[in-house]
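So the chains spell out like this:
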Amino acid sequence: MNKTLTLTISQKDGTLCLKFLGEITVYTLSKNQETIDKIDRSKLNRVEIDLSDVTFIDTAAGIFLLGVRKHFEALVSQTQLVCTNDEILRTLALVEKKQEPSKEHKERFAKNIVERFGKFIYKHYVAFLSFISFLGELFSASMRYFRSAKNIRYKEIMFEIYESGIKALGIIALTSFLIGVVVAYQSAYQLKIYGANIFIVDMLGLSILRELAPMMTAIVIAGRSGSAFTAQIGAMKITEELDAMRTMGFDPYMFLVLPRIIALMIAMPILIFVADIAGILGGMLIAHIDLKITVELFLERFSDVIAVKHFYIGVLKGPFFAFLIASIAIYRGLMVKNDTQSIGFNTTKSVVEAIFAVIVCDALFSIAFTNLGI
Amino acid sequence: MMSTAIEVKNLKTQFGSKIIHQSLNLTINTGEIYGLLGPSGCGKTTLLREMVMLEKYHSGNINILGYDLNNIGSEDAQKLRREWGVLFQAGALFSSLTLRENIALPLVEYTDLSPKMIEEIVRFKINLVGLKHGDANLYPAQISGGMKKKAALARALAMDPKLLFLDEPTSGLDPISARDFDALILELRSLLGLTIVMVSHDLQSIYDTLDRVAIIDHKKIAYEGTLDNIKSVESKFIKTFFGKYNE
Numbered sequence: 001m002n003k004t005l006t007l008t009i010s011q012k013d014g015t016l017c018l019k020f021l022g023e024i025t026v027y028t029l030s031k032n033q034e035t036i037d038k039i040d041r042s043k044l045n046r047v048e049i050d051l052s053d054v055t056f057i058d059t060a061a062g063i064f065l066l067g068v069r070k071h072f073e074a075l076v077s078q079t080q081l082v083c084t085n086d087e088i089l090r091t092l093a094l095v096e097k098k099q100e101p102s103k104e105h106k107e108r109f110a111k112n113i114v115e116r117f118g119k120f121i122y123k124h125y126v127a128f129l130s131f132i133s134f135l136g137e138l139f140s141a142s143m144r145y146f147r148s149a150k151n152i153r154y155k156e157i158m159f160e161i162y163e164s165g166i167k168a169l170g171i172i173a174l175t176s177f178l179i180g181v182v183v184a185y186q187s188a189y190q191l192k193i194y195g196a197n198i199f200i201v202d203m204l205g206l207s208i209l210r211e212l213a214p215m216m217t218a219i220v221i222a223g224r225s226g227s228a229f230t231a232q233i234g235a236m237k238i239t240e241e242l243d244a245m246r247t248m249g250f251d252p253y254m255f256l257v258l259p260r261i262i263a264l265m266i267a268m269p270i271l272i273f274v275a276d277i278a279g280i281l282g283g284m285l286i287a288h289i290d291l292k293i294t295v296e297l298f299l300e301r302f303s304d305v306i307a308v309k310h311f312y313i314g315v316l317k318g319p320f321f322a323f324l325i326a327s328i329a330i331y332r333g334l335m336v337k338n339d340t341q342s343i344g345f346n347t348t349k350s351v352v353e354a355i356f357a358v359i360v361c362d363a364l365f366s367i368a369f370t371n372l373g374i
Numbered sequence: 001m002m003s004t005a006i007e008v009k010n011l012k013t014q015f016g017s018k019i020i021h022q023s024l025n026l027t028i029n030t031g032e033i034y035g036l037l038g039p040s041g042c043g044k045t046t047l048l049r050e051m052v053m054l055e056k057y058h059s060g061n062i063n064i065l066g067y068d069l070n071n072i073g074s075e076d077a078q079k080l081r082r083e084w085g086v087l088f089q090a091g092a093l094f095s096s097l098t099l100r101e102n103i104a105l106p107l108v109e110y111t112d113l114s115p116k117m118i119e120e121i122v123r124f125k126i127n128l129v130g131l132k133h134g135d136a137n138l139y140p141a142q143i144s145g146g147m148k149k150k151a152a153l154a155r156a157l158a159m160d161p162k163l164l165f166l167d168e169p170t171s172g173l174d175p176i177s178a179r180d181f182d183a184l185i186l187e188l189r190s191l192l193g194l195t196i197v198m199v200s201h202d203l204q205s206i207y208d209t210l211d212r213v214a215i216i217d218h219k220k221i222a223y224e225g226t227l228d229n230i231k232s233v234e235s236k237f238i239k240t241f242f243g244k245y246n247e
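Keeping their order, the protein sequence lines are chains A and B. Counting in my numbering, the first sequence runs from 1 upward without gaps. Counting in my numbering, the second sequence runs from 1 upward without gaps.
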């Protein structure tokens, strides 16, 4: 690369001569521009751009040279381009022909708060509508699905139960066990002060069976299986697999969506049951170590004070949470656009929205059960 | 004597405020190989997607094999879908299934053939499109782009459809495979009496295979007919696209 100066300037009698030398390429342009910027433009009446000693220009240099000529044409009455090299002229002609005049593009950046707020609301309104439309389609698909038993895809459902249910047993049992330990440990300290050691059984039984086990299970499943649903379906959308299915007459709702939702709705109560056991075990362990409550005593008290309805309530939440997690995850998967960015975006959204929906649903259950006196 | 396979009337497509097609008309006869050509972004693939009911159009009418897509019920739509095969640009093979399972899938779902019979049909289709039997147990991620296209064609042909939609079948193929592909398509047409609709940019393939073409330009059909008198048409696209060929 030629680092030496490629431009010499001479000025006499009001005539400015820009003499370029050697190769003008994209690498030397900024230096040339600097040199030209320094020229005293006060007493000019004629400009000559001399390219006769130039051996090569690239297209960037072509754009630059035409720009220089245009700049001086606006300033002085006479400009002249001296060039005999045919190749250079051809490059210049090509640039001139294909150059898009850069229009002043006025983008409105400053939006006032009303406009932004309006757009924000509208965007979310449309997103809400599209989710409702997804639910509608889901409903009509499930009507067709359950019309005859041979439509039901047992194999896929079993596979999904295994994938998103059975495989999650370990992590859910562990999480729930630790939650049991933590809750028991924290309350043991308080209970000891009042000498109300035995009430740890009531506390653990109620909180774990009714709230903590279903909630923890839902959160782990949203993070684990919900995100997997979104990513799987999103990737299938990008590779046109969903389109291919549709053209072959395989309704994606029947083949992908409903099996996943049904599988999760079956698996969730089982997982909650396991979480119940693990959580209580964790609490029992701490009760034994910290409060000296033996396993026999714990279980005796447990069967005395904890009605079986608490267990049923916890398990009953399972299918509802599962439906929310699976439908949000799949909806997000179907929302994936034709680029890889949107897989990440929608997976994140899917997990966040699913957990949020589960918490809202749990709050509604709480209010409902309290009012029903259960 | 020629019957109509597909008829598009007064079609209008709009994405947001951008109009893609405006009063677009075309007719595709049974048994012909029909090409949709035009500059990038003119809506060829969109039109193809509208024909296979993946995309909704704004107004107008598409009639395929006697079914009116405006008022098609879900049962009829399902019937229609079994009468066509679609080859997507990137193949769109199901990534969780092997090639064999991909090709067998429509047969397994839609017929009550024995596994042995299905296996035989799959082997035939694999042979037909020029794949090796050893490849049949591979997953789509393990094979090359050209093989994916061939496998996708085999899947599209699995049910012996009357109608075949091809979206840029030869793009991304090496020239030899591309010519083989053209020969295969011609052979299939004469063997099975298929009606083939394709979007293509491959001039060689266009001249070798197509019976009639439609050029979409400026939202409408700029030309519809055989390739012989295409140069008589005043269109910038046709001039630049076909200009130098055969001169």
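Keep in mind that the hints were calculated from the coordinates and are not lab data. Ideal Cβ placement from N, Cα and C applies to all residues, glycine included. One should not assume that every hint holds.
What the hints assert, rightly or not - Calculated lysine to aspartate or glutamate pairs in the DMTMM-like style (CA-CA distance at most 25 angstroms, straight line):
hint, chain 1, residue 1, chain 2, residue 2
1, B, LYS56, A, ASP243
2, B, LYS56, A, GLU156
3, A, LYS155, B, GLU109
4, B, LYS116, A, GLU156
5, B, LYS219, B, ASP202
6, A, LYS97, B, GLU234
7, B, LYS162, A, GLU156
8, A, LYS150, B, ASP228
9, A, LYS19, A, ASP37
Said to hold, decoys possible - Computed Cβ-Cβ distance ranges for the label pairs, DEER-style:
hint, chain 1, residue 1, chain 2, residue 2, range
10, B, THR4, A, TYR154, 41 to 51 angstroms
11, B, TYR139, A, PHE356, 28 to 38 angstroms
12, A, SER366, B, ASN70, 44 to 54 angstroms
What the hints assert, rightly or not - Sample of chain A residues at the chain B side, in silico, Cβ under 10 angstroms:
hint, residue
13, GLU96
14, LYS98
15, ALA244
16, MET245
17, ARG246
18, THR247
Task: Hints the structure fails to honour - done: Those not satisfied are hints 2, 7, 8, 13 and 14.
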